[in-house]
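**Student:** Those protein sequence lines, which keep their order, are chains A and B. Numbering-wise (this note's numbering), the first sequence opens with residue 1 and increments by one. Numbering-wise (this note's numbering), the second sequence opens with residue 1001 and increments by one.
In short, the hints are calculated from the structure, not lab data. These figures come from a predicted structure and were not determined experimentally. Misleading hints may appear alongside valid ones.
[Said to hold, decoys possible] Once the Cα atoms are required to be at most 27 angstroms apart in a straight line, the calculated DSSO-like pairs of lysine-lysine come out as:
1. B:K1127 x B:K1306
2. B:K1516 x B:K1467
3. A:K97 x A:K77
4. B:K1315 x B:K1150
5. B:K1433 x A:K7
6. B:K1150 x B:K1092
7. B:K1105 x B:K1054
8. B:K1497 x A:K72
9. B:K1497 x A:K97
[Stated by the list, open to error] A partial selection of chain B residues facing chain A, derived with a Cβ cut-off under 10 angstroms:
10. G1418
11. N1423
12. L1427
13. Q1443
14. Q1496
Where is the CB? At the ideal position from N, CA and C, for every residue including glycine.
So you can see what is in the structure, the chains are spelled out below.
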Amino acid sequence: MESQPRKVAVVEDDPSMRKSVARLLNAHGFATEGYASAEAFLNRATSSEIGCIVLDVHLGGISGIELWHRLKDGGSKIKVIFITAVDDQALEQEAVKAGCVAYLHKPFPAESLIDAIERAMTVSPDD
Amino acid sequence: MARASTKPSSPFTRIASAFRCLLLLLIIVMAEPLSAEIVDQVPRILILYPYDEKIPATTIAGETLRHRLQQATMGKVDLFSEFLDLSRFPEKVHIDRMARYLSEKYADRRPDVVIALGEEATGFIVKYRHAIAPDAKIVFCCFSSADAVKLSLPSDVVGAFSEYDIAKTLLMARGLQPEARDLVIIGGSSDFDRSWLATARSDLPGPASGLKTTYVEDLTIDEFADRASRVPEGSIILVLTVFTDRSGRNFIPRNALERIAAKASAPVYGPYSTYIGHGAVGGNTVTFESVGTAVAELALDAIAGKPIASVNVPKTFVADARELTRWGLPESGLPAGTVLSFKEKSLWEEYWAAIIGIVAALALQGAIITVLLVERQRRLAAEQEARLRLLELVHLNQSATAGALSASIAHELNQPLGAIRSNVDALEILLRKEQPDLDLIRQILIDIREDDQRASDIIVRLRGLLKKRSEIDWQEFDLNEVVNSAIHILHAEAGQKSIVVSSSDPTRALPVRADKVHLQQVILNLATNAMDAMVDAATTERKLVFRTALIENSEVELSISDTGRGIPSDQLDHVFHAFYTTKPTGTGLGLSIARAIIETYGGKIWADNRAEGGAVFRFVLPLAQHG
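This is chain A alone, in the form it adopts within the complex (with noise of 0.2 angstroms):
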């Protein structure tokens, strides 16, 4: 399993964050799948190989919180790394205190994504 490379979704309405923040997973050796909103994910063909998911807060159509919430109602223990563009502390506070692992501002340094997301799948989605 290590040498398998895990896969991480990035949902992200903005394009230009979605495609770098995978190219940066990508060069750090994660496998990644981008979707533009929390809808496309919700929609996606598969949900076994998701590591975890990197989450943009605010998503047109549904949010990122609320996609969180969701998955979280719908029985799934997924690891979530919020990133977000806006300062909104009581979003942040309620997101950490719900057990996110990570909260990111945007812009954010490469190390706080990569060891979040270390940190995301040393837990197995199934505990």
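For this one, chain A is given, so just place chain B on it according to the hints.
**Tutor:** Below, chain B without anything else, positioned relative to chain A:
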């Protein structure tokens, strides 16, 4: 009264007419003792002119006389005029025919008084009085007592004598020209002219007076003029009359004088008022006006039944101010009481009332203009002040908008910054590899450059939003362009609020003339209001729609519609008032500023509710005409 008795009389009219008779009688008794004969009827006065109506002397005398008679009798006089034309028809057969004609003409209207103007008319009426006016008083005028003797008039025929005193005319000349040494006297060849020359010879003082006197006679009109042009300097020229010159040409004397005076090298004088205005400096004369008045008084006395006797018409000195000026003669040299004609009054004398009026009007105008200028200055200052205030207000409004949008702007800016950071970090890893994927690296660099540009664009728009104006930056631009830039600024905010922003595809450019930043501010105000309205109203669908259109090829319209709760219909007019707000944190200035801006650029702004729900704000601006 005779007329009254011929009328069929009722008792009333009889009483009335009896009363009238009594009244009239009373008036007569109280008034001057008029003869009953004349009182019975309006007096008839026949005026006989010797020539035709074109001779100024008799015409002036006649008109004055008629006027005086009308005035004195209050119009109760019957005036008749006959022009005997004896000068052009001197034949006895004509005179007899004229007498017969007048006798028959006046058979039923015999004159009470006949006024004869001049010797010829007087001679005529004296000869034919029994046929024409048997019971009439005859009065005459316009000739001298010496001439009257020649006519051997009956004792009951009296008149107003015109006694000319040529010595007085010379007196006037010497008063004006005390240094004169030469006197030149000009007279024509007719009998009348020669009698004048004879009078002059007898009445004028001889060489003892210190004047070298020369009589110029028996010449043609041109010779007279020529002689007058060559008299010694400082001479006095005295023109008597020239009815006829040596060649037998006939003249109206004043026309003859005019020709002589035109060439004369010294001042010309003459004994007739008709010479005034035709080149004569002046003279002592009986004016035809005073003759007319004098003979009118005689006629009035005659009809009043008063005894009348011949009078001498008073003489006057007359002078022409223009001739005084022409010869440089002092007005002070004129005899006292001289009637000075053609005196050009000074502007002030002539038009003082008008001048005062004009000066007053100008002063008033000046005052009004000053007031208006001051008012204008104040208005301009006030307008300037108002414009500055507006600019200040717009700037505050801009800052407020920028503040409100700063979160979403920061968000928007963080996207490219975040992408750049991740790209750079990825790049760093890629470059550490032994065989870096150069194509990928190249692509990453391109993306970094694009994101950098994106961030830069956001900053530029933000700067536009914060730009402070000290004056309006007039530009012509496409309204669609400003709508797009506003949408860009709002985009992130709308995204956060789950509002779908859309705009109509512009069909054509919609040029307007305004300050771009100001219009953008209007759009931002309207749009943020709309977005707030949609967030407050828990609508499921949040749509913000921008639509631009060209109205009647003269105006440009922008409508911004939302799916909010709309505006209570009774408040549609109030929303643009300052401090009107429905938001707990609103200043209530956004829409009033929007209206002030739109009106500054000659447009109109208003609000409406949409039938399908939500509000729509519209504004129109004049379409900028190219060229």
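**Student:** A separate judgement is required for each hint: does it hold in the structure or not?
**Tutor:** Now for the hints, and whether the structure bears them out:
1. B:K1127 x B:K1306: OK: K1127 (chain B) and K1306 (chain B) at ~24 angstroms, within 27 angstroms.
2. B:K1516 x B:K1467: holds (11 angstroms)
3. A:K97 x A:K77: holds (15 angstroms)
4. B:K1315 x B:K1150: holds (23 angstroms)
5. B:K1433 x A:K7: holds (22 angstroms)
6. B:K1150 x B:K1092: holds (19 angstroms)
7. B:K1105 x B:K1054: holds (23 angstroms)
8. B:K1497 x A:K72: Satisfied, since the Cα-Cα distance of roughly 24 angstroms is no more than 27 angstroms.
9. B:K1497 x A:K97: holds (24 angstroms)
10. G1418: Hint on G1418 (chain B): holds, closest Cβ of chain A at ~3 angstroms, below 10 angstroms.
11. N1423: holds (4 angstroms)
12. L1427: holds (8 angstroms)
13. Q1443: Because about 9 angstroms separates Q1443 (chain B) from the closest Cβ in chain A, which is inside the 10 angstroms limit, the hint holds.
14. Q1496: The hint holds - Q1496 (chain B) has a Cβ within 10 angstroms of chain A, the shortest such distance being about 6 angstroms.
Violated hints for the displayed structure: none, as all numbered hints are satisfied.
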